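Enquirer: Here are the chains, one letter per residue:
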Amino acid sequence: MSTTIASLPTAPVPLRADDTMTENQVGPLSRTDFVRYAGAGGDLNPIHHDDEFARAAGMPSVFGMGMLHAGILGTRLARWVGPNSIRTFTVRFSGQVWPGDVLTFAGHVDAVDEQLAEISMTVTRQTGDVAMSAKATVLVA
Amino acid sequence: MIDPSIKGQELDSVSFPIDRSKLVELARAFHDDDATWYDIAAATEAGFSELPVPPTVSALVDHWRPGGALSTATAIGADLARILHGEASWEYHAPVRVGDELTATSSVSDVVTREGKRGGTMTMVMIETRFTRTDGTLVVVRNDTLIETGAPA
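In order, the protein sequences belong to chains A and B. Note that my numbering has the first sequence beginning at 91, numbered continuously upward. Note that my numbering has the second sequence beginning at 578, numbered continuously upward.
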């Protein structure tokens, strides 16, 4: 499941404090999703695609690379505020993402001044655990 | 085990292209099939003068590191069984464009050690990677925090 959303803004968009990103879900994640990002992004750490290796390392199974959900969140942010409007993007990883997970991508405008908006975002598993929190500074219209 | 004296050490410098065939792979990996991300006709139609790129596009450099995404952890002497990616951040200075040849230069910007909650010493290593065009224009600065958790006693 993956929700398709509005077209990508070509220029900064108007944003106000407490505006929210259209909530978006991705999942249930499969091993194929991890392998697709491994090939696209170049992260071939076997802990993300080889269950035998992951179990030997003490994990119940393979798990998703953080740069996969960071990348998904980045594209959702770009779709909200425009890919060329983003000035900074920071992600903090707080837990793993597992096969079968359904992730919810959410974002909120914390503050806006004349030129820039401060945005907070989260990636939450279906369990309610936050797998990643993020911040961004973006140009506003 | 990471030696804290690596602070300030230069790591690698890698050049790599931004090409459309990787952009389509990234778009699909990110569950966003909009052709605006990889088809110049669709991007033009949408009002872009260049193909837009996702905010994490600079990760493509990992394909050009001989040891892949793990090569930085290896280069700093981390125990790969205990290394975690804590944080990543990007500052955008100029657009990344299809056709650009970027050079990524990495260095260890800081090393912090502290006693871990479960015993052993936890080491946090900050890596700064500067991405420049061939004319020297700085386009992206990426900072990563890698955490080596304490070794079990």
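I should point out that these hints are in silico values taken from the structure, not numbers from a laboratory. Take the hints with a grain of salt, since some may be wrong.
[Said to hold, decoys possible] Pairs of lysine to aspartate or glutamate, EDC-like flavour, derived with a Cα cap of 16 Å: (1) B:Lys584 <-> B:Asp721; (2) A:Lys225 <-> B:Glu664; (3) B:Lys584 <-> B:Asp687; (4) A:Lys225 <-> B:Asp721; (5) A:Lys225 <-> A:Asp200; (6) A:Lys225 <-> A:Asp108; (7) A:Lys225 <-> B:Glu668; (8) A:Lys225 <-> A:Asp109; (9) A:Lys225 <-> A:Glu208.
[As the list claims (entries may be wrong)] Pairwise CB distance ranges, derived in the manner of DEER restraints: (10) B:Ser592 <-> A:Gln216: 17 to 27 Å; (11) A:Thr112 <-> B:Ser648: 31 to 41 Å; (12) A:Ser210 <-> B:Arg695: 38 to 48 Å.
Treat the numbers as computed from the prediction; the structure is a model and nothing was measured. Even for Gly, the Cβ is constructed at its ideal location relative to N, Cα and C.
Enquirer: So, for every hint listed, does it hold in this structure?
Expert: Hint check:
Taking the CA atoms of B:Lys584 and B:Asp721, the gap is near 14 Å; set against the 16 Å cutoff, the hint holds. The straight-line distance between the Cα atoms of A:Lys225 and B:Glu664 is roughly 11 Å, inside the 16 Å bound, and the hint therefore holds. With a C-alpha separation of about 5 Å, the suggested pairing of B:Lys584 with B:Asp687 holds against the 16 Å cut-off. Distance check on the hinted pair: A:Lys225 and B:Asp721 sit about 15 Å apart at the alpha-carbon level, within 16 Å; holds.
For the hint pairing A:Lys225 with A:Asp200, the CA-to-CA distance comes to about 10 Å; that is within 16 Å, so the pair holds. Annotation: proposed proximity of A:Lys225 to A:Asp108 holds, straight-line Cα distance about 14 Å (limit 16 Å). The straight-line distance between the Cα atoms of A:Lys225 and B:Glu668 is roughly 12 Å, inside the 16 Å bound, and the hint therefore holds. Between A:Lys225 and A:Asp109 the CA atoms are separated by roughly 15 Å; this keeps the pair inside 16 Å, and the hint holds.
Taking the CA atoms of A:Lys225 and A:Glu208, the gap is about 7 Å. The hint holds against a cut of 16 Å. At about 41 Å, the beta-carbon gap between B:Ser592 and A:Gln216 misses the expected band of 17 to 27 Å. At roughly 37 Å, the beta carbons of A:Thr112 and B:Ser648 sit within the given window of 31 to 41 Å. At about 30 Å, the beta-carbon gap between A:Ser210 and B:Arg695 misses the expected band of 38 to 48 Å.
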